[in-house]
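K.L.:
Keeping the supplied structure of chain A fixed, place chains B and C upon it in accordance with the hints.
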Amino acid sequence: MSAGARERTGTMGTSRITALCCQKALYAGLKPEEVSRAWIEGVQIVETPCSGKVDPIYLLKAFEKGADAVVVLACDQRLCATIAGAKRIHKRVERTQALLAEAGIEPERLVLRIVRRPALRSLEALFARIKETVAALGPSPAR
Amino acid sequence: MKNPISNLQRVLESGAFAVTAECGPPRSADPDVVVRKGLLLKKCADAVNVTDNQTAIVRMSSIAASALLHSVGVEPVAQMVCRDRNRIALQSDALGASALGIRNLLCLSGDHQKFGNQAQGKNVYDIDSMQLLRAVTDMAEQGRFIGDDHVMDAPPRLFVGAAENPFADPFEYRVERLEKKIAHGARFIQTQCVFNLEKFGKFMALVRKKGLHKKAFIMAGVTPIKSAGMARYMRDKVAGMDVPEELIARVAKLKGEEARAEGVRICVETIRKLRRMEGVAGVHVMAIEWEEVVPQIVEQAGLLPRP
Amino acid sequence: MIVGERKPFEEIQKLLADSAKVLLVGCGTCVKVCFTGGDKEVAVLASQLRLAAAKAKKKKVLDELTVERQCEIEFVDEVAKRLPGHDVILSMACGAGVQMLASRFPEVPVLPAVNTTFLGVLERQGLFVENCQGCGACVLGTFGGICPVSRCAKSLFNGPCGGSQGGKCEIGGDVPCAWHQIIERLKKLGRLGNLKAPVAPKDWRSARHGGPRKLVREDNIL
Chain A
1 MSAGARERTG
11 TMGTSRITAL
21 CCQKALYAGL
31 KPEEVSRAWI
41 EGVQIVETPC
51 SGKVDPIYLL
61 KAFEKGADAV
71 VVLACDQRLC
81 ATIAGAKRIH
91 KRVERTQALL
101 AEAGIEPERL
111 VLRIVRRPAL
121 RSLEALFARI
131 KETVAALGPS
141 PAR
Chain B
1 MKNPISNLQR
11 VLESGAFAVT
21 AECGPPRSAD
31 PDVVVRKGLL
41 LKKCADAVNV
51 TDNQTAIVRM
61 SSIAASALLH
71 SVGVEPVAQM
81 VCRDRNRIAL
91 QSDALGASAL
101 GIRNLLCLSG
111 DHQKFGNQAQ
121 GKNVYDIDSM
131 QLLRAVTDMA
141 EQGRFIGDDH
151 VMDAPPRLFV
161 GAAENPFADP
171 FEYRVERLEK
181 KIAHGARFIQ
191 TQCVFNLEKF
201 GKFMALVRKK
211 GLHKKAFIMA
221 GVTPIKSAGM
231 ARYMRDKVAG
241 MDVPEELIAR
251 VAKLKGEEAR
261 AEGVRICVET
271 IRKLRRMEGV
281 AGVHVMAIEW
291 EEVVPQIVEQ
301 AGLLPRP
Chain C
1 MIVGERKPFE
11 EIQKLLADSA
21 KVLLVGCGTC
31 VKVCFTGGDK
41 EVAVLASQLR
51 LAAAKAKKKK
61 VLDELTVERQ
71 CEIEFVDEVA
81 KRLPGHDVIL
91 SMACGAGVQM
101 LASRFPEVPV
111 LPAVNTTFLG
121 VLERQGLFVE
131 NCQGCGACVL
141 GTFGGICPVS
151 RCAKSLFNGP
161 CGGSQGGKCE
171 IGGDVPCAWH
181 QIIERLKKLG
191 RLGNLKAPVA
201 PKDWRSARHG
211 GPRKLVREDN
221 IL
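Protein chains in written order, with my numbering: chain A, 1 to 143; chain B, 1 to 307; chain C, 1 to 222.
Isolated chain A, as found in the complex (with noise of 0.2 Å):
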């Protein structure tokens, strides 16, 4: 991972689930003593600077270390601080898709979610939904 991405990880559920979230799309909107760090049981967290910084091997990797779904936050497009970050991340993930797909691995399990800012006020409600569609899943095949 790019020095621009730091990690924090929950306490492992029996389902691995790696995000990786845009910083702002987590606490933009947030005051001072609002902001706490991101946190979801189950979910290992990976906040980078924008969305536009993960690139498909981020999330391929992601599955490589053994996660059964890989989850990308990422503000509305029109709304991206870096221009156009958070609309070539829609591409970049249709596309890991699609290799997940050649390589065997179910391409549901990677998910792109545009979140309202600050994301941080929602997470839990957000991961549930996605923890039952993984749970569905069952684990990775490549685990």
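To be clear, the hints were calculated from the coordinates, so they are not data collected in a lab.
Be careful, since some hints might not be right.
To be verified - Simulated DEER-style distance windows between Cβ atoms:
hint, chain 1, residue 1, chain 2, residue 2, range
1, C, P109, B, R235, 51 to 59 Å
2, C, G210, A, A81, 56 to 64 Å
3, C, G210, A, D55, 40 to 48 Å
4, C, G210, B, E292, 47 to 55 Å
5, C, P84, A, A136, 40 to 48 Å
6, C, G145, B, F171, 22 to 30 Å
7, C, E74, A, E124, 51 to 59 Å
8, C, D174, B, M152, 17 to 25 Å
9, B, L95, C, R208, 22 to 30 Å
10, C, E107, B, V151, 55 to 63 Å
11, C, K214, B, G143, 36 to 44 Å
12, B, L95, C, R191, 36 to 44 Å
13, B, G143, C, G145, 34 to 42 Å
14, B, L95, C, S206, 39 to 47 Å
To be verified - Pairs of lysine-lysine residues, derived as DSS-like cross-links and limited to a Cα-Cα distance of at most 25 Å, are as follows:
hint, chain 1, residue 1, chain 2, residue 2
15, A, K65, C, K168
16, B, K273, B, K215
17, C, K7, B, K114
18, B, K199, B, K273
19, C, K7, A, K131
20, C, K168, B, K202
21, B, K255, B, K237
22, C, K59, A, K65
23, C, K196, B, K122
24, A, K61, C, K187
25, B, K43, B, K226
26, B, K215, C, K196
27, C, K81, C, K57
28, C, K58, C, K7
29, C, K21, B, K202
Values in this document were obtained by computation on a predicted structure and should not be read as measured data.
From the three backbone atoms N, C-alpha and C, an ideal C-beta is built for every residue, glycine too.
P.N.:
Okay, now just chains B and C, sitting in the frame of chain A:
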């Protein structure tokens, strides 16, 4: 003026309105199909074009089918495309055609192989139709091969023609290209089938302005429509075809025999109008897989008997 | 640049079916520029192959190395120190590079991961188009900088043919008619007269038709 070497040349040079028809060789080795079609067209055409693996679908070779027509007294116009043969084969086939008694040759680029049943094959396009015109003309008139000083003792005897499509783009350049073909040796020209008479009229006006109708014989192509479906197919799927809406509308309401009758009527009307256009020396009737209808069309257009 | 596309994944898997220790070698020049075989693409392919191997419960070693160019021996030499311990090389370079690797390392099979397609340019973001066939006798000066050999589907020298419509080639797929483009360009340059002169049949000896070509620069040889 040398004596005409083919019946087609004779008719054109006499000033009479010439008629050519078309015969597509079979997708088999059956010579009877060719002979049957030829005999059907014998009395209503001055010469019959034989297509060369048209739309890149493998058919009996044009030279072979032309020779078959010649053997039953039907004068062929052997078509030769640049897609499948290199300059060696093309020049060789021109010699062979002449040796077999074929006296008219039409030089074409050829539809791209992707349209046919051998789309996986290579194409050749060693030389293009313009260069082929020059090559065959030089063979016939000077007895020379491309880039070779050797003069052959029995040059091929061929009346050389080319095609032009007034309905392809860019429109204004089409007449320039026609001029170039004539400069490269084309003595007669057959156009893509005319449905849009207005546009064709504009084309002929440009042709006359340059005096090209006096340097080569321009024959307008016509095709009888069988149905509205066929007309629409030609409009949408065949490159370089201009089929006006009014024509489609005329056949759209009709079915089967009635549609075909209307198609024949439109074709006859078109021929009559073309006869009145200055510079049009004849008509080339392309009745694709409908050769039986040609005698009727030629008769109704007042062009029988042939001179 | 030379453009190519990565082979279908299944085909690559088949090529590597009997190999346990693969060295993937990328190229940092043409194939990197067209997002096919550079360091990033090597990483992605290696990752995919590992995931597929894990799924199949197969043990496969997939190592990665990218050199500046695989078409020059001094860069290809760099592979030597990483090669031991691998039973096959999977090259993501163009066909030229694959062959250079194969001739430099005849002791291991060198397999291609890329289908090399054409010589061309990046016309705009995400669009690479073919525009040169290396015919060895360039006539771009006559045709307004538009190549009839590579960009006309029939390589006509006296086009357009009768299938040109709306500026598009009869083969479809939105391919522009090169001859339509040539005419428009020459009109703009005021040089439409270039098309009047007869063009003699092309001398294809300088092209691939004359046999594989080479260039020898004696002045560069010590």
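K.L.:
Indicate, hint by hint, whether the structure satisfies it.
P.N.:
Status of each hint after checking the structure:
no. : hint                          : in the structure
1   : C/P109 <-> B/R235: 51 to 59 Å : holds (54 Å)
2   : C/G210 <-> A/A81: 56 to 64 Å  : holds (58 Å)
3   : C/G210 <-> A/D55: 40 to 48 Å  : holds (45 Å)
4   : C/G210 <-> B/E292: 47 to 55 Å : holds (50 Å)
5   : C/P84 <-> A/A136: 40 to 48 Å  : holds (46 Å)
6   : C/G145 <-> B/F171: 22 to 30 Å : holds (24 Å)
7   : C/E74 <-> A/E124: 51 to 59 Å  : holds (57 Å)
8   : C/D174 <-> B/M152: 17 to 25 Å : violated (46 Å)
9   : B/L95 <-> C/R208: 22 to 30 Å  : holds (29 Å)
10  : C/E107 <-> B/V151: 55 to 63 Å : holds (60 Å)
11  : C/K214 <-> B/G143: 36 to 44 Å : holds (39 Å)
12  : B/L95 <-> C/R191: 36 to 44 Å  : holds (38 Å)
13  : B/G143 <-> C/G145: 34 to 42 Å : holds (39 Å)
14  : B/L95 <-> C/S206: 39 to 47 Å  : violated (28 Å)
15  : A/K65 <-> C/K168              : violated (49 Å)
16  : B/K273 <-> B/K215             : holds (22 Å)
17  : C/K7 <-> B/K114               : holds (23 Å)
18  : B/K199 <-> B/K273             : holds (13 Å)
19  : C/K7 <-> A/K131               : violated (35 Å)
20  : C/K168 <-> B/K202             : holds (23 Å)
21  : B/K255 <-> B/K237             : holds (22 Å)
22  : C/K59 <-> A/K65               : holds (16 Å)
23  : C/K196 <-> B/K122             : violated (30 Å)
24  : A/K61 <-> C/K187              : violated (55 Å)
25  : B/K43 <-> B/K226              : holds (23 Å)
26  : B/K215 <-> C/K196             : holds (17 Å)
27  : C/K81 <-> C/K57               : violated (30 Å)
28  : C/K58 <-> C/K7                : holds (22 Å)
29  : C/K21 <-> B/K202              : violated (71 Å)
Hints 8, 14, 15, 19, 23, 24, 27, 29, counting from the list given before, are not met by this structure.
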